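K.L.:
Chain by chain, the residues:
Number of protein chains: 2
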Amino acid sequence: MSFTIQNVLLATDDGYITTDVQILGDKITAIAPNLDVVGTVIDGTHKLLLPGFVNAHTHSSEMWQRGLISIFPLELWLAELYDFAPLDTEKVYLSALGTAVETLLSGGTSVVDHLVLIPGEELETIASAVRAYQEVGIRAFIAPLIQDQSLSAGLPAGESTQTHEPFFRSTAATLELVEEAVRQFHHPDAGVSILVAPTGIQLCTDALFTGCIELSDRYNLCRHSHLLETKAQEKLAQEKYGCSAVTHLQRIGYLGDRTSLAHCVWLNDTDIDILAQTQSTVVHNPLSNLRLGSGIAPILKYRQAGVNVTFGCDGASSNDSQDLLEAIKIGSILHNVTDFDYRSWISPRQAVEMASLGAAKGLNLADQLGSITVGKKADLILYDLTNLSLVPRTDPIGLLVLGRPTNVVDSAWVNGRQIIANRQVTTIDVEKLRTELFHLSEWATNRQSQTVEQFEVHYRTVMGLI
Amino acid sequence: MSFTIQNVLLATDDGYITTDVQILGDKITAIAPNLDVVGTVIDGTHKLLLPGFVNAHTHSSEMWQRGLISIFPLELWLAELYDFAPLDTEKVYLSALGTAVETLLSGGTSVVDHLVLIPGEELETIASAVRAYQEVGIRAFIAPLIQDQSLSAGLPAGESTQTHEPFFRSTAATLELVEEAVRQFHHPDAGVSILVAPTGIQLCTDALFTGCIELSDRYNLCRHSHLLETKAQEKLAQEKYGCSAVTHLQRIGYLGDRTSLAHCVWLNDTDIDILAQTQSTVVHNPLSNLRLGSGIAPILKYRQAGVNVTFGCDGASSNDSQDLLEAIKIGSILHNVTDFDYRSWISPRQAVEMASLGAAKGLNLADQLGSITVGKKADLILYDLTNLSLVPRTDPIGLLVLGRPTNVVDSAWVNGRQIIANRQVTTIDVEKLRTELFHLSEWATNRQSQTVEQFEVHYRTVMGLI
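Protein chains in written order, with UniProt numbering: chain A, 1 to 466; chain B, 1 to 466.
Please keep in mind that the hints were generated in silico from the structure rather than gathered at the bench.
Treat the hints with care, as some may be off.
[Said to hold, decoys possible] Derived lysine to aspartate or glutamate pairs resembling EDC-like cross-links, with alpha carbons at most 20 Å apart: (1) A:K235 / B:D339; (2) B:K231 / A:D339; (3) A:K432 / B:D339.
[To be verified] Facing chain A, according to a computed beta carbon distance under 7 Å, are these residues of chain B, among others: (4) L68; (5) A157; (6) E159; (7) V337; (8) P392; (9) F438; (10) R447; (11) Q448.
Remember, predicted model here, so these are calculated numbers, not experimental data.
Beta carbons are placed, not taken as given, at the ideal position from N, Cα and C, and that holds for glycine.
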């Protein structure tokens, strides 16, 4: 498919131009005023074209519990989440559709799904998500969430001498599962990539990390993990390694320019230098970090140290939405309270670059994605600047990032294929999806989580809350 | 007008019931299942009824610069705002309409407009806002923003010995203006109240505060001001009074149960006790406090001390939206990072109470507004729980507060009058408003503010940034 977007606003270094953009097949082929029309004509009048953003960290199936989990810190929140996650692959398929739709309607053209696997149906889980993303047409980076230690091992021990049940699946079997997922589903040219994705130091052995490094190198896969989301994880790392988690991950060779790390709230200055040296990417999930009380990630320090930073929504049970523009807004203004010098604050234009090119770098695709550049792939979002939430007219990017844009995505293309037109997703029946999500769920309140009851006294003791 | 909402979800102390709600005239007259139908029947199936929220602090005309002002702290931001505020009363009217519409579509039935007055056209400015709010039908609390010192006096002096130009209007003339506004526009029964609203200690003399107290007592008016929004204001208060601003305001008698105070970021523990003792209300504007880098208001401490807290959007140039649900979400989850003990965190249900009953208390109207109670006024919002942004179904209030609800307000009533039906504002032509806001504005970037240039060196010096 080829098309020409005419008279569209494009951001320049310090302003905007009105120009034409030509797309042949999957690539941007020309950017100039008054281009000859090739293919379909798209009217760009009063519209802004931006590179598609990336929802660079989420867990799609959490959509089934959004709005529901108690106001808890991560460790107890996770216990409640897992107590009430009776998923099946059909639900995985539907929540992946929902995640894709909300991401697209808020400016995203790619999603990194740190996908929770149904025990015993791991490959079927991945297949369900792949099917959903391919049906919608969003670019998908599926990071099957793996661990080889059981949930209670994720809490620091403190003075206690708890033992933990072994995880139900061996490290070797888990690595074999990831390799099989790569064989079956890793098709970057078709818009689906598999990442190695050990959940984090809190629930993974070095053997699992090392096995993932080996798979990553053999198949040229990106690496994706949680990192130091909470103070409890910082404590745990010291107990486990006698050094910071970042130092340990560097020693075992996990960090690098294909490695993206969600959260990164509890890093010290040495850790930050290591991320910069290794060219690792931080995925900032501001809403989740607030909701779970994890803390404010030192994003301004990361930027000053030259660490690449991008944004994610995190799963919809800890946010509780999949609205990328919301994550970008909060993820940029939140840090103004961490440094009195406003000259280090993140501008709306910088936030847009973090959400697009920053994400592309973290996925080792900066040569192909993340900016509107001749030769790059056509992953594009066209925003309708006449929308009520974007008037009066001022600075289009300021309005998008600092405002609360609603129903503003006029069109979206992924790999040159149009998947939103006239503000409607064209590839799936969103109305049918809405009805299914409604009918497969019920109103719920006041759940009692048994695992929370098991964990809470220990958690409060070890975190100094008693 | 009378109506009966049938089979609607209402929140109880710890869950929900499905019931009927009957409204006669402007009041809620019965709440019970299977009520006899009186007046129009409203189908409440799969809908949640909540008391209308209050946008308890905003400046409506800032809508003309939303998305546009540089990423600055308050003092420089304000300089830029005022350099580019060539308002006329028609624009004031339109931005008041816009503020009312965005507030309504995000669950608000009342707005407290700390209204910037056009010099020389002060009463005409107020008349324009009154006209807009009455046309929309939202309950309006208009707080004409007054000061009697010029802008540069709002910066702490530090080591400098600057003098400031006198403000263009005398204190007496300003108070006379407010009194005339009360005579002309203060009609609470018609849905419009005037508040006395000295902007804050940074730009007001004691004579102005004292005159406002006197007017407030004579006409039974609420009082509304900014308070200690920034660290610079904390410094200034020490320079001006030799004590904290709160101590000073208590001494002159400004605080009390009809006084609501926007921001309250830089209060110490003694200040907090004073707010509790005087039963003053804090209006928390989380998005503005982040955008301007003002800081994180100690809201959990306020709640623990028994201080009443509610939410505002603040003006649309410092947020940059008028979405109350966004302010409520961020205003509740933001504080989870300020206290490790999750037992003090704000739950979604507590946030809803703060946004409704908390606001009513601050406006001295808790006997009439703020809850769905027989005998109270029918300021009500009916949310459509089948909306895509609220599925899968879980906890309705959790979804509303923690999610990112979009297009979810099915109906709104103010004083028993329906002003939103089937998700459309019924009282004004929103499409016409959108077109006017679009055509009366233009794309803009890269403005140079002369006042910022004047202030910046001094600001950086006195704040220790050089």
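K.L.:
Taking the hints in turn, state whether each one holds.
P.N.:
Going through the hints against the structure:
1. A:K235 / B:D339: Given pair K235 (chain A), D339 (chain B) holds - Cα atoms ~18 Å apart, limit 20 Å.
2. B:K231 / A:D339: Roughly 12 Å between the alpha carbons, so the hint for K231 (chain B) and D339 (chain A) holds.
3. A:K432 / B:D339: Measuring from Cα to Cα gives roughly 43 Å; hence the hint is violated.
4. L68: With Cβ-Cβ at 4 Å, under 7 Å, it holds.
5. A157: Where the cut-off is 7 Å and the nearest Cβ of chain A is about 18 Å from A157 (chain B), the hint is violated.
6. E159: violated, 18 Å
7. V337: holds, 5 Å
8. P392: Result: holds, 3 Å to nearest chain A Cβ.
9. F438: holds, 5 Å
10. R447: At about 9 Å, which exceeds the 7 Å cut-off, the nearest Cβ of chain A leaves the hint on R447 (chain B) violated.
11. Q448: With a closest approach of 12 Å, the Q448 (chain B) hint is violated.
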